[in-house]
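Letter by letter, the sequence shown follows residues 1 to 767 of full-length UniProt numbering.
Bear in mind the hints are in silico, worked out from the structure with no lab data behind them. Even glycine gets a Cβ: it sits at the ideal position worked out from N, Cα and C. Treat the hints with care, as some may be off.
What the hints assert, rightly or not - Restraint ranges, calculated between C-beta atoms of paired labels, are given here:
| id | residue 1 | residue 2 | range |
| --- | --- | --- | --- |
| 1 | 663 | 722 | 51 to 57 Å |
| 2 | 644 | 339 | 37 to 43 Å |
| 3 | 527 | 388 | 23 to 29 Å |
| 4 | 741 | 365 | 42 to 48 Å |
| 5 | 346 | 762 | 31 to 37 Å |
| 6 | 462 | 441 | 15 to 21 Å |
| 7 | 479 | 533 | 20 to 26 Å |
| 8 | 637 | 746 | 49 to 55 Å |
| 9 | 718 | 365 | 25 to 31 Å |
| 10 | 756 | 479 | 32 to 38 Å |
As the list claims (entries may be wrong) - Straight-line C-alpha distance at most 30 Å; calculated DSBU-like pairs for lysine-lysine:
| id | residue 1 | residue 2 |
| --- | --- | --- |
| 11 | 745 | 703 |
| 12 | 262 | 279 |
| 13 | 509 | 456 |
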Amino acid sequence: MTRFRTNSNSIREEEITIGVITQKQAALEAWPIGIALQSSQEKIEFLLTVPLFQRLPQDEHPVVASVCEICRFKRMDPIIRQGARGEEFFVIKSGQADVYAAAKTEGKQEKIASLKVALHGKKSTRCVPHVRREITLVKVPCCEARTLSEAAFCEQWHELCADEPRTATIVAMLAPQLQSAQGFGVLFCRSEVQALKIKRSDFQARGSRDPTGTRPGPDRDRDLTGTGALAQSLGLHKKLKFGRRAAVSSNKQSFDKAKDTKAMRTNENLWVIGNLEDKIPAMTAVMWKEYVKAGKRLITEGDMEADFFYVVQEGKFEITVREELMRDWPATEHFPSISKIQFEGPQSINPLAFKYYQPDEVIMGKKMRDWCRFAVAWWHTFNGQMGTDPFSNVKTHLRPWDVDASMDTFLTRVDVAFEFFTKLGVDYYCFHDVDVAPQGKDLKEFQANLDTISDKLLSKQKETGVKLLWSTQNLFSHPRYKDGAATAPNFDSFAYGCAQTKKMLDIGKKLGAETHVFWGGREGFATALNTKVKDELDHMASFLKLALAYKKKIGFSAQFTIEPKAREPTAHQYDYDAQTVIGFLYQHGLEKDFKVNIEPNHTTLAGHDYEHDLRMASALGMLGSIDCNAGQPYLGWDTDEFPSDPRKSLLSMLIVVEQGGIAPGGNNFDCKLRRESTDIEDMFIAHIGGMDCLARGLIGACKMIEEGLMKKALETRYSSWSSALAKKVAEGKASLEEVEEYALKSPEPSTSSGKQEYLEQLINRYI
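Kindly produce the complete structure, drawing on both the sequences and the hints.
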């Protein structure tokens with residue numbers, strides 16, 4: 001027999017409150033319980049501290065509270081006896097109680113556990129699974145408890161207790177992932193569900209009984225729907241793995257046995273099985289991995305021929321009623337089916353693993369993470385176009401966190417984003433002001449919203465170690481900026497843009513941004529007929545000088561960069577390409593305070609090769625950061641695709657390595673999923689692919705530099721410039737007459753091969 005009593009070491013008699021939510025017999029008079037009244041709201045507040053009740057929808061909270069009672073127990077009064085019909089569930093609100101079981105020595109008791117605040121139990125649940133003894137729970141000192149009578153339960157929660165019997169079905173959800181089948185050496189595709197499974201016949205043959213203790217009856221066969229959080233109450237492990245059906249291994253690996261054993265030990269629904277610890281080895285022997293396609297039924301309650309027990313290991317499942325989704329229980333994770341992305345090497349075919357990117361691998365004196373400095377773009381990843389295009393503004397990327405445009409949704413996105421960053425393994429992120437906060441009714445409210453959001457961003461940065469690569473202001477989406485911001489003909493639009501910029505400089509400093517980007521999305525014109533070109537360019541320079549002055553005033557140390565783009569959305573952009581921007585900076589004396597942020601997709605819109613602007617900016621000492629995306633050269637618009645061409649990545653990273661790195665800039669994935677890529681795992685797959693592509697380019701670039709064949713070919717081609725006169729010309733110390741005299745004395749210049757074909761083949765060697 002097991003008893004609850006207060007800790008005998010207590011100096012004073014403590015009051016312990018026990019919360020009970022169960023079906024209790026009305027006439028259980030043997031228990032001296034005093035009832036204390038408490039307001040419904042207080043009951044709700046208490047219940048919501050218990051994870052079990054947090055799963056209930058909000059509209060059911062008053063119903064539950066209304067059928068709860070506060071019960072007070074004095075020292076040594078019994079609370080619950082195993083096997084007796086009475087208080088079948090309780091939650092400790094305050095204090096502590098000990099659990100005692102009858103020892104083998106007759107008449108003596110043995111303490112086996114202690115229960116503290118917010119722990120709950122029921123008469124059918126053994127507190128310590130491996131102890132096979134009849135347990136009785138008894139009262140503790142002056143305890144309060146909440147009780148629920150069966151009559152009140154049926155009357156006030158009629159739909160749950162009195163509904164006609166129906167069939168509940170568990171089905172797999174779409175949450176694909178690719179992983180290796182541990183112990184089987186089989187790779188499988190993630191559009192299916194992996195589960196540990198025991199057949200009823202095998203289970204019973206081993207001497208075990210149904211873990212529920214009864215066959216399905218009218219009070220159990222009812223419509224239920226849930227996901228994630230409901231898993232534990234159904235005896236399902238939370239996590240699923242998806243894939244193609246793996247072959248059953250004749251000999252289980254030790255890793256699998258340990259995992260299966262842990263799953264059963266931690267599943268409280270199995271604790272009612274007698275001699276559970278002794279039976280676990282036999283149970284694991286008849287368990288295997290099952291991969292069930294998304295949408296296929298796993299189990300139907302009441303089907304005596306079905307496999308009746310599952311331990312779901314990873315992902316998401318649903319319980320449906322007559323094939324209708326009734327409720328989606330909140331999950332503790334936004335990406336529960338995705339684990340932290342790991343490196344598996346080039347031989348891996350798992351799209352949710354790195355093949356080339358190893359962040360801490362040192363190559364040419366730096367870690368990969370320091371060469372690459374990868375960042376995630378907030379706008380495309382969490383709340384940007386999300387599957388829209390010029391022909392449809394209806395999103396195809398439907399995300400559970402995109403509830404509405406409220407502040408709560410924006411705050412939730414912060415949690416989503418940092419979970420994504422940490423699981424992906426990036427060190428940085430980037431955002432525009434409108435990406436992270438609602439604009440509100442006016443500028444003042446918008447700035448207040450930014451303050452609120454940035455507080456949470458800062459907190460998450462400290463929590464995770466993820467940093468802000470760069471921030472910026474969106475001065476192109478709102479109608480007020482239809483004619484631009486810095487070059488707007490309307491001064492009020494110019495002023496509003498200045499206010500947004502000032503605020504983002506404050507936010508950037510607060511969050512430790514390492515760069516601040518200026519992209520003139522609409523700084524240009526559709527026709528010169530209504531445009532004062534010279535005035536607009538001068539106004540742009542004034543705008544940049546105002547920002548520079550404020551940056552210095554507040555002591556903000558981030559580098560300033562301008563992002564070129566040839567066209568779109570305007571027909572003629574002022575920041576056409578890298579050389580255009582650099583020339584503008586020199587013209588207005590800003591070349592020492594600004595660099596350029598190069599987006600290769602913009603470079604191709606200007607008619608250049610993918611890496612052209614990277615090369616030109618780096619050659620002029622002006623390459624500050626990169627928006628590492630790609631586009632289709634045969635299209636005339638920006639497609640923002642993830643980098644996937646290893647040759648282009650090699651040439652890009654070669655430029656980065658040759659200039660010694662890209663800090664304090666980085667490689668920001670200004671990329672979006674295709675409209676057709678609707679699975680949530682595609683977010684990870686796309687970024688993994690981009691990171692691997694650039695990491696592969698980095699490895700090839702470093703090898704190319706170390707071998708020196710490319711450098712040798714270039715030095716050979718330009719070797720004549722090492723002569724004394726040539727050096728004098730390069731230094732600006734020679735005269736035109738001197739050079740003429742040299743030409744008159746020299747033979748006809750020889751022609752030497754440019755070796756283009758050789759160099760192109762050489763490049764292929766490092767891909």
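Now for the hints, and whether the structure bears them out:
no., hint, in the structure
1, 663 x 722: 51 to 57 Å, "violated, 32 Å"
2, 644 x 339: 37 to 43 Å, "violated, 24 Å"
3, 527 x 388: 23 to 29 Å, "holds, 28 Å"
4, 741 x 365: 42 to 48 Å, "holds, 47 Å"
5, 346 x 762: 31 to 37 Å, "violated, 21 Å"
6, 462 x 441: 15 to 21 Å, "violated, 31 Å"
7, 479 x 533: 20 to 26 Å, "holds, 23 Å"
8, 637 x 746: 49 to 55 Å, "holds, 51 Å"
9, 718 x 365: 25 to 31 Å, "holds, 27 Å"
10, 756 x 479: 32 to 38 Å, "violated, 50 Å"
11, 745 x 703, "violated, 43 Å"
12, 262 x 279, "holds, 13 Å"
13, 509 x 456, "holds, 15 Å"
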